[in-house]
Amino acid sequence: MSSSVRPSEAVQTVPVAAGQTAFDALVSAGTDLNAPGAPVVVRDSGGELRDLAWTPDSDTSVEPVPAGSPDGLAVLRHSAAHVMAQAVQDLFPGTLLGIGPPIEDGFYYDFLPSRPFTPDDLAAIEKKMADIIKANQRFSRRPITDEAARAELAHEKFKLELIGLKGNAGDEASVEVGAGALTMYDNLDGKSGERSWTDLCRGPHLPSTRRIPAFKLMRSAAAYWRGSEQNEQLQRIYGTAWASRDDLKAYLNRLEEAAKRDHRKLGIELDLFSFPDELGSGLAVFHPKGGILRRELENYVRQRHIDEGFDFVNTPHISKDGLFHTSGHLPYYADTMFPPMELEGAQYRLKAMNCPMHNLIYRSRGRSYRELPLRLFEFGSVYRFEKSGVVHGLTRVRGLTMDDSHSYCTAEQAPEEIRKLLNFILGLLRDFGLDDFYLELSTRDPASDKFIGSDEDWETATKVLEDTAVASGLDLVPDPGGAAYYGPKISVQAKDAIGRTWQMSTVQLDFNQPARFELEYQAADGSRQQPVMIHSAKFGSIERFIGVLTEHYAGAFPAWLSPVQVIAIPVSQEQNDYLERVADQLRAQGIRVEVDSSDDRMQKKIRTAQKQKVPFMVIAGSADEEAEAVSFRYRDATQRNGIPIDQAVAEVADVIARRVNVSPTADMYPS
RNA sequence: GCCGCCUUAGCUCAGUCGGCAGAGCGUCUCACUCGUAAUGAGAAGGUCCGGAGUUCGAUUCUCCGAGGCGGCUCCA
Numbered sequence: 001m002s003s004s005v006r007p008s009e010a011v012q013t014v015p016v017a018a019g020q021t022a023f024d025a026l027v028s029a030g031t032d033l034n035a036p037g038a039p040v041v042v043r044d045s046g047g048e049l050r051d052l053a054w055t056p057d058s059d060t061s062v063e064p065v066p067a068g069s070p071d072g073l074a075v076l077r078h079s080a081a082h083v084m085a086q087a088v089q090d091l092f093p094g095t096l097l098g099i100g101p102p103i104e105d106g107f108y109y110d111f112l113p114s115r116p117f118t119p120d121d122l123a124a125i126e127k128k129m130a131d132i133i134k135a136n137q138r139f140s141r142r143p144i145t146d147e148a149a150r151a152e153l154a155h156e157k158f159k160l161e162l163i164g165l166k167g168n169a170g171d172e173a174s175v176e177v178g179a180g181a182l183t184m185y186d187n188l189d190g191k192s193g194e195r196s197w198t199d200l201c202r203g204p205h206l207p208s209t210r211r212i213p214a215f216k217l218m219r220s221a222a223a224y225w226r227g228s229e230q231n232e233q234l235q236r237i238y239g240t241a242w243a244s245r246d247d248l249k250a251y252l253n254r255l256e257e258a259a260k261r262d263h264r265k266l267g268i269e270l271d272l273f274s275f276p277d278e279l280g281s282g283l284a285v286f287h288p289k290g291g292i293l294r295r296e297l298e299n300y301v302r303q304r305h306i307d308e309g310f311d312f313v314n315t316p317h318i319s320k321d322g323l324f325h326t327s328g329h330l331p332y333y334a335d336t337m338f339p340p341m342e343l344e345g346a347q348y349r350l351k352a353m354n355c356p357m358h359n360l361i362y363r364s365r366g367r368s369y370r371e372l373p374l375r376l377f378e379f380g381s382v383y384r385f386e387k388s389g390v391v392h393g394l395t396r397v398r399g400l401t402m403d404d405s406h407s408y409c410t411a412e413q414a415p416e417e418i419r420k421l422l423n424f425i426l427g428l429l430r431d432f433g434l435d436d437f438y439l440e441l442s443t444r445d446p447a448s449d450k451f452i453g454s455d456e457d458w459e460t461a462t463k464v465l466e467d468t469a470v471a472s473g474l475d476l477v478p479d480p481g482g483a484a485y486y487g488p489k490i491s492v493q494a495k496d497a498i499g500r501t502w503q504m505s506t507v508q509l510d511f512n513q514p515a516r517f518e519l520e521y522q523a524a525d526g527s528r529q530q531p532v533m534i535h536s537a538k539f540g541s542i543e544r545f546i547g548v549l550t551e552h553y554a555g556a557f558p559a560w561l562s563p564v565q566v567i568a569i570p571v572s573q574e575q576n577d578y579l580e581r582v583a584d585q586l587r588a589q590g591i592r593v594e595v596d597s598s599d600d601r602m603q604k605k606i607r608t609a610q611k612q613k614v615p616f617m618v619i620a621g622s623a624d625e626e627a628e629a630v631s632f633r634y635r636d637a638t639q640r641n642g643i644p645i646d647q648a649v650a651e652v653a654d655v656i657a658r659r660v661n662v663s664p665t666a667d668m669y670p671s
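At position 658 of the first sequence (counting the first as 1) the number is 658 in my numbering, and the numbers step up by one without a gap.
One should not assume that every hint holds.
Said to hold, decoys possible - Label pairs and their in silico Cβ distance ranges:
1. 341 with 454: 29 to 39 Å
2. 344 with 258: 47 to 57 Å
3. 520 with 346: 25 to 35 Å
4. 288 with 264: 16 to 26 Å
5. 607 with 360: 53 to 63 Å
6. 288 with 161: 51 to 61 Å
7. 19 with 142: 10 to 20 Å
8. 195 with 258: 36 to 46 Å
9. 518 with 335: 21 to 31 Å
10. 250 with 471: 36 to 46 Å
11. 285 with 471: 35 to 45 Å
To be verified - Calculated cross-link-like contacts (lysine-lysine; reagent style DSS-like; alpha-carbon spacing at most 25 Å):
12. 265 with 611
13. 450 with 320
14. 127 with 191
15. 289 with 611
16. 495 with 613
17. 495 with 260
18. 450 with 463
19. 216 with 127
Source of the hints: derived by calculation from the structure; they are not laboratory data. Each residue gets a CB set at the ideal place from its N, CA and C atoms; glycine is no exception.
Start from the sequences, fold in the hints, and give me the full structure.
Spelled out as structure tokens, the structure:
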């Protein structure tokens, strides 16, 4: 990401005399406030962000905050949100205001208009915003008492509600209001000084609207007031704003690049999978090429689980619903499980999780401490009735296959087992070039009745997970209230090739299901003890993992995963037979080869293979055929062409075979 | 589930202010036999998402449903 701040421009504190504005202090210190990326606000000695117009009561110093810094951008974006709100209220009188905070890469503002916004409305709002920016309105801070604010905002019911919420730490609304006395921000016309708009806001803001160099409105959508489904839906307009036009352009390019990687688009282009309407929403079919991806991934993860000492089991897709009452999943998740089928007096359900069935396998006979940890693994297909609005490509589906495993062990063994699982997971993700991780620790919300089990068990389980997570040395982000109903979890978050974070694998520690299923083992002293179980999924769902990998690799899968590894291209049809023989030679080494014997021109075939992101091409003309050679072309790490080189068939086969049949981490490109 | 938008050929998308529907790519056929990202010509291909309604007539308007997209909420 481009930014206006470089280390060499490290900011220095500037002294400010009592009664002097920070603005004047900066100017007298020689700061060019008109330069691109110039400071837009300051940080006082207490670390608070302040407007440039801020005037301290006593002598102090401030640190300028440049527009391109994270804080500067947040102020810039929040100021853009104000400009947008003003434009909206100008164009659509009577529209009520919600809140308008800065967010990653931009800002939004929530409105209650008389009708939802259309794309044409957004264009008009954008134009109006440009006028406001051109008018160079000053953002002017005005402290106000609660009573006066209530009077002034009598018609803004949402703002009134915010006043009551003043200072709620962690509340999104505190962005607007914050602790301490309320402040209003007035927009004053650059020439006349006339007030054109006012908003209840903690600030700080840019000195004036002119300091918004580049913005764009992105989309409008509904959002619940204060994020609750129980509340009224407002119309949210998202925008983006940057410290320079170039930064905006770079951001829009990034979005375009991300769109090109969209697995839903690539899935069609590369003929991997589809979602036939006839099946229903969120139900995917994998075409032959997607089938190869699945098979390779399954083979890979199966072997890894064998190496880690897992036993392989199989369980049905359907069960009488008593099982899910025993596990505790029903009735908590009744609405996300497919509805029951009534058969011979029993209610059957498609399974939405595999753990209860694995518990039955554990319980099928007496267990000794000697066989713990007992590790069960299954490619378990489950069905979850995701709400219609949340289904999304392969990343959120209604039918999925999990690489689901459950480790049953003694409470004492749990920390070591979790440590091993975490290592296993990180190693596995690294094999896919995912190596920038952080962990999320999802814990119980003690106030919620969504969680079962005793306080002591929760504390113990959470402590065990937390200690293991901390010991991994990775960053650990708390996720209060995000636990499963039966226990806390660690999820591994990984950054993909273009820096987007995906939740990948999870490890969950569960005291509850073993108790509910009355799982036991006989300890060394002959006593009967209850094991704990550790749920873990490495890919999570294979569908989702394929979706994430497709975007991570932009469809250019490493050679071992590529559905077609080699395309053989004849210079003219004369070489078709020769290349068939070459292809057979490669196939004999386990390589997936296709000969393109269509009547396209060679150039066209190269283009097609390139677009299909096939890692290797072998091309042969009459000269090659005579020499028992091929011209070898490959995709390099940047997915551009490698340099063509003429090589003997045996050598080429050898080079390709090494890239295709070895461990996934191996460098796939000839050097 | 909620709000908004969308659904036309295998894919990407025009279009009909209500009157027997179009392009590019892909597919097929023919000609060309070619040396590292598109050879040319021709043809086939459509219950215009489904159902109901309004109308002389609906792909177009209305309603219901399905599916998709962008968000919100949710994600064991």
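For each hint, the structure was consulted:
Roughly 35 Å separates the CB atoms of residue 341 and residue 454, a value that falls within the hinted 29 to 39 Å. Between residue 344 and residue 258 the Cβ separation comes to about 51 Å, which falls inside the hinted range of 47 to 57 Å. Between residue 520 and residue 346 the C-beta distance comes to about 27 Å, which sits within the given range of 25 to 35 Å. Checked against the hint of 16 to 26 Å, the C-beta distance between residue 288 and residue 264 comes to roughly 19 Å, which is consistent with it.
At roughly 55 Å, the beta carbons of residue 607 and residue 360 sit within the given window of 53 to 63 Å. At roughly 56 Å, the beta-carbon separation of residue 288 and residue 161 lies within the given 51 to 61 Å, and the hint holds. The hint said 10 to 20 Å for the Cβ distance between residue 19 and residue 142, and at roughly 19 Å that hint holds. Checked against the hint of 36 to 46 Å, the pair residue 195 and residue 258 passes, with Cβ atoms roughly 41 Å apart.
In this structure the supplied range 21 to 31 Å holds for residue 518 paired with residue 335, their Cβ-Cβ distance being about 28 Å. Separation of residue 250 from residue 471 is about 39 Å and conforms to the stated range, judged on CB atoms against 36 to 46 Å. Checked against the given bound of 35 to 45 Å, the beta carbons of residue 285 and residue 471, roughly 43 Å apart, stay inside it. Only pairs whose Cα atoms come within 25 Å are accepted, and residue 265 paired with residue 611 is accepted, the gap being roughly 13 Å.
A C-alpha spacing of about 23 Å is found between residue 450 and residue 320, which places the hinted pair at or below 25 Å, so the restraint holds. Simply put, residue 127 and residue 191 have alpha-carbon atoms about 20 Å apart, close enough for the 25 Å limit, and the pair holds. For the hint linking residue 289 to residue 611, the alpha-carbon distance of about 15 Å falls within 25 Å, and the restraint holds. Restraint check for residue 495 and residue 613: the C-alpha separation of about 22 Å stays at or below 25 Å, so the hint holds.
A distance of roughly 18 Å separates the Cα atoms of residue 495 and residue 260; the hinted pair therefore holds under the 25 Å criterion. Restraint check for residue 450 and residue 463: the C-alpha separation of about 20 Å stays at or below 25 Å, so the hint holds. Our distance criterion of 25 Å between C-alpha atoms is met by residue 216 and residue 127, whose separation comes to about 10 Å.
This entry satisfies every hint, going by the numbered hints stated previously.
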